[in-house]
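2 protein chains.
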Amino acid sequence: MSQEKNVCSMGKQSIELKTPVYIRESASIVGTKEGQGPLAELFDMIGEDDMFGCDSWEEAESSLQKDAVFLALNKAGMKKEEIRYIFAGDLLGQSIASSFGLASYEIPLIGMYGACSTCGLTLSMGAMAVSGGFAEHVLCVTSSHFASAEKEFRFPLGYGNQRPLSASWTVTGSGAFLLSGDKGTKARAKITGITTGKIMDYGLKDSQNMGACMAPAACDTIYNNLKDFGRKPSDYDKIITGDLGTVGQHALLDLLNEKDVDIAGQHMDCGIEIYDAKEQDTHAGGSGCGCSAVTLSAYILKKIEEGVWKRVLFVPTGALLSKTSFNEGQTVPGIAHGVVIEAIGEGEA
Amino acid sequence: MSQEKNVCSMGKQSIELKTPVYIRESASIVGTKEGQGPLAELFDMIGEDDMFGCDSWEEAESSLQKDAVFLALNKAGMKKEEIRYIFAGDLLGQSIASSFGLASYEIPLIGMYGACSTCGLTLSMGAMAVSGGFAEHVLCVTSSHFASAEKEFRFPLGYGNQRPLSASWTVTGSGAFLLSGDKGTKARAKITGITTGKIMDYGLKDSQNMGACMAPAACDTIYNNLKDFGRKPSDYDKIITGDLGTVGQHALLDLLNEKDVDIAGQHMDCGIEIYDAKEQDTHAGGSGCGCSAVTLSAYILKKIEEGVWKRVLFVPTGALLSKTSFNEGQTVPGIAHGVVIEAIGEGEA
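So the sequences go chain by chain: V and L.
Residue numbers for the first sequence follow this note's numbering, beginning at 1 and rising by one.
Residue numbers for the second sequence follow this note's numbering, beginning at 1 and rising by one.
In case anyone wonders, no lab produced these hints; they're calculated from the structure.
Heads up, some of the hints might be wrong.
Because identical chains cannot be distinguished in the list, a pair is counted as satisfied if it fits within a single copy or across any two copies.
[As the list claims (entries may be wrong)] Capping the alpha-carbon separation at 20 Å, the derived lysine to aspartate or glutamate pairs in EDC-like fashion look like this:
id, residue 1, residue 2
1, 227, 106
2, 310, 342
3, 323, 150
4, 205, 150
5, 259, 106
6, 79, 41
7, 303, 41
8, 151, 328
9, 80, 201
10, 18, 136
Since the structure is predicted, the reported quantities are computational estimates derived from the model, not experimental observations.
All chains, full assembly: derive it from the sequences and hints.
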């Protein structure tokens, strides 16, 4: 593998990958509600019910990760033995969806946590591992499940508690991505840059308005990405956040406007795309580690493959709360991890 | 920075770092019980009480991470602006000790989860980031706190529940490590290899005997490290697990004996070293993300600096359970992440 030195410049928050990393294949699997939404036809698999044949919501979420990895390997025609690392994470305490979902693959596991930004984090570190020459092929997988997330963060579903309009709906789904140093016979897209997020805390405490809590982090990551790469918003066909939803989208556009950056023409949010909020009563939009992952696999990469978009900035967003921190009156800090994804050029080696 | 290509060989679980990564500085901070143990004199800071001036156990744990990072930066004479990434993790749900402890540093954060093996995981990925040319300096920090861990995983402290002799005592402490591509005026040691762990699940379900649950993972990582590097146990001055304790140590030696590997002469366990189990009533030994981290910083690196040990295999061990998985009757899978740490040679550039 030829390898140019990767660029790390002091004072910058981004890395330019001199050796691009190919997203060789990917897979998405979702639950029933996502299977009734606007992206339904694009997902690889839609569950018949949200238990996925398991005995608990947590096991169901584990099976989503297991199946997403299986599908991605299968589509790529690769065996698990060819994968050097799995970078994985989820929203549950101690990341049990990943641990129990991935054990049977017997692949070295790098557990990651960035709340709903974890898809961006796993792609970032997976790309570094490949570009740095530490791995030929890696898998990146994240998941979320509406019912396990409600239990983990909010109220038992049986309570039937009311949700404010600023609340988001956790996506039931998992997306898996196979990253490689060479693109093989074909690849879906390539990763050319990374902007790793900092924790941003504006002091908001409303866990039912996570869009607003995460918007400052999305703003910071997008702003630094543009600055570090010397780009303007229109250098991207889309700037895609993970799960800000409608409330967070307003906050993000306002915050960037204060910095004289206008991304209104480019901005898209996976949480807004994945549901028909009015028809499906999902309020501000979708959220969860699975939201950006399945939207990337099913929708964004498809647009890139079709040549509709040449270069996008993918910025999954996470709210770094737990029920303990919330109950103790803490704020809800946010983080957002940016990944530059580009189309593969004609005849590119 | 000159850079040889890093070695990643198919079928192997280990990476040899052709560009070694220096542990430029480190720091350890512990609670009162650790400050009464056999390693007391070696820690950089011992808290006067285990609240560390905070209002909750979780905030206390966050302050441990904050202080450990501050001390490590201070000892190295470096500013936070010089650090490209913090690799961090802890045991609490959604890693809140890290999120709330590290926010004020405004350094791009890579959140990691490997239960009590997280120190090994952060050192592994931090070393990859530096060796791959993605960063000049990174920080790796992990923590645990006896009281926040009991609340997270077991019973409220006020219950005064009895502990079986196989139970371990979660260390209150945090260790931070500053990794760099160049060793500056001096460095404590260097990282030359990584063996990333797989999830190992022998079906054990006893969360009060985590040593036994984690021993298969430690066995697998140590076995593969020896195989991949073509080494025998005596090629290491010490093979150091994180927190197997006395019960897990027996299991580990037995499991390796079954594979015709005898590490009885080299094995050491941070959980056994950190307390005087009889005097301090800690039963099987210490545990937690902080256990291996503070022992590495205070004790292991000191022995390496003094030339007593030339090369050690450091293998923090983690039990991948949550209270939810435990209550749902799941097993307790283990994972162990190995890092080869060597003394810096005379006159090494």
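Hints, one by one, checked against the model:
1. 227 - 106: Intra 41 Å, inter 17 Å, cutoff 20 Å: inter-copy only.
2. 310 - 342: This pair counts as within: shortest intra-copy Cα distance 6 Å, inter-copy 46 Å.
3. 323 - 150: Classified as both: same-chain Cα gap 11 Å, cross-chain 16 Å, threshold 20 Å.
4. 205 - 150: within (18 Å within a copy, 26 Å between copies)
5. 259 - 106: Classified as between: cross-chain Cα gap 19 Å, same-chain 47 Å, threshold 20 Å.
6. 79 - 41: Neither: 27 Å inside a chain and 51 Å across chains, both beyond 20 Å.
7. 303 - 41: within (14 Å within a copy, 61 Å between copies)
8. 151 - 328: both (18 Å within a copy, 13 Å between copies)
9. 80 - 201: The answer is between: 18 Å across copies meets 20 Å, while 40 Å in one copy does not.
10. 18 - 136: Classified as both: same-chain Cα gap 16 Å, cross-chain 17 Å, threshold 20 Å.
Violated hints amount to a single one, hint 6; each of the other numbered hints is respected by the structure.
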